[in-house]
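Undergrad: Listed below are the residues making up each chain.
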Amino acid sequence: MNQSIPFNVPFLAVAALIGIALYIIIFKRNLIKVVMGIGILASGVNLFLITLGYREGGIIPIYTHAPAGEMVLPVPQALTLTSIVIGVSVMALMLSMIVHTYRHTGTLDSEESRQMKG
Amino acid sequence: MRMSKIVRTMSSILILLVFTFGLYVIMHGHMTPGGGFPGGAIMASGIALLVAAFGSSAIQKTLKERYLAILKSSGLLIFIGLAFAGIGTTFFYNVLVGSPIFGHIPLSGSNPGDVWTGGSSTLMNIAVGIIVSAGLSAIVLVMALASGGMEVEE
Amino acid sequence: MRNTAAAISLGVFIAFLVAAAFLIHPFGYPPSEMDDYIIEYSQIESGANSAVDAVVFDYRGYDTLGEATILFTAVTGVVMLFRRKSAGIIR
Numbered sequence: 001m002n003q004s005i006p007f008n009v010p011f012l013a014v015a016a017l018i019g020i021a022l023y024i025i026i027f028k029r030n031l032i033k034v035v036m037g038i039g040i041l042a043s044g045v046n047l048f049l050i051t052l053g054y055r056e057g058g059i060i061p062i063y064t065h066a067p068a069g070e071m072v073l074p075v076p077q078a079l080t081l082t083s084i085v086i087g088v089s090v091m092a093l094m095l096s097m098i099v100h101t102y103r104h105t106g107t108l109d110s111e112e113s114r115q116m117k118g
Numbered sequence: 001m002r003m004s005k006i007v008r009t010m011s012s013i014l015i016l017l018v019f020t021f022g023l024y025v026i027m028h029g030h031m032t033p034g035g036g037f038p039g040g041a042i043m044a045s046g047i048a049l050l051v052a053a054f055g056s057s058a059i060q061k062t063l064k065e066r067y068l069a070i071l072k073s074s075g076l077l078i079f080i081g082l083a084f085a086g087i088g089t090t091f092f093y094n095v096l097v098g099s100p101i102f103g104h105i106p107l108s109g110s111n112p113g114d115v116w117t118g119g120s121s122t123l124m125n126i127a128v129g130i131i132v133s134a135g136l137s138a139i140v141l142v143m144a145l146a147s148g149g150m151e152v153e154e
Numbered sequence: 001m002r003n004t005a006a007a008i009s010l011g012v013f014i015a016f017l018v019a020a021a022f023l024i025h026p027f028g029y030p031p032s033e034m035d036d037y038i039i040e041y042s043q044i045e046s047g048a049n050s051a052v053d054a055v056v057f058d059y060r061g062y063d064t065l066g067e068a069t070i071l072f073t074a075v076t077g078v079v080m081l082f083r084r085k086s087a088g089i090i091r
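Going line by line, the protein sequences match chains W, V and F. When the first sequence is numbered by the working numbering, its final residue is 118 and no position is left out of the sequence of numbers. When the second sequence is numbered by the working numbering, its final residue is 154 and no position is left out of the sequence of numbers. When the third sequence is numbered by the working numbering, its final residue is 91 and no position is left out of the sequence of numbers.
Simulated from the structure, these hints should not be mistaken for lab results. Mixed in with the good hints, there may be bad ones.
A few chain V residues that face chain W, going by a derived Cβ cut-off under 7 Å, partial list only [unchecked claim]:
id	residue
1	M31
2	F37
3	S110
4	G113
5	I139
Just so it is clear, CB atoms sit at the ideal spot from N, CA and C, and this is done for glycine as well.
Extracted from the complex, chain W is given alone in its bound form:
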């Protein structure tokens, strides 16, 4: 089989995105940067879901004026549609909680705004 994209480049891009997102979530202290890292993690997982269902030389799975050819798989595209909407709503809730935290404690640092000290 001759492939037009050599040795699985999209799956390596998914691994790079998830690695960068995990580094941001673990090692950064500003709360806004942590939320950005969670957004990048969501984008990496959505890219992985779409590239699982690609057929070589395929057309989109819609029958209106469709040209001749094989269709790509429609089930991963349906799961990605759900995942994008869930990512948007979770990030909106996280950002409004950050605004609330800033009004009560006055700082955006995750180490200095801890209120349950041992």
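With chain W fixed as given, assemble chains V and F onto it according to the hints.
TA: Coordinates of chains V and F only, in the frame set by chain W:
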């Protein structure tokens, strides 16, 4: 700080085009790519354009959050009612295929599209469009009110 | 001490991810048979011209119900967090 007269005039004209395009994407969900979720997001971005041009205090006098909450809850009730309509066979059964409402069956293979197809999934597209547009507009309006409030009309 | 342990475990995890990216099926030839049934029979059973729309609302409608519930709950949470005391909410 108010926006200039050019911005306020053009955004009042452009909001009609944005709403029409959002309704087109919602209604043709069973023939073209798109459906309920992207169409609702397009209509919410039209509301965001109005909030950016006129200020959140002026928009809040007409479009209260109570009306958006009523719209959102009724959309979810219509969606659950359509899911229970085919309970004779199973949950979420498509009862309207073959009946006079949205019931044609398209020709096999590649064909020019027909709007009257789809069954109950076309009505579900409209219900999901109402839910998503009302919900995302409520988020945009509430966040603009909480972080602004300094855009007072002079 | 805590930073060193976190860095070592992150390195091991990324090594597993890169190894999995090389061992997965070649890009463009998925080994699946369920979607052949959906592509062939979705026009007759659900009557829509689009296979993605039929999967989202007809074959897997229960997942769409769960997603609408998540959207509803998140919007309710955001509106509740930004209430103003002087607007006469408490009756």
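Undergrad: Each of the hints needs a verdict: does it hold here or not?
TA: Hint check results:
Because the beta carbon of M31/V sits about 5 Å from the nearest beta carbon in chain W, less than 7 Å, this interface hint is met. With a least beta-carbon distance of about 6 Å to chain W, the hint placing F37/V at the interface is held under the 7 Å criterion. Interface hint at S110/V: satisfied, since its Cβ lies 4 Å from the closest Cβ of chain W, which is below the 7 Å cut-off. With a least beta-carbon distance of about 4 Å to chain W, the hint placing G113/V at the interface is held under the 7 Å criterion.
At about 5 Å, the closest approach between the beta carbon of I139/V and any beta carbon in chain W falls short of 7 Å, and the interface hint on this residue holds.
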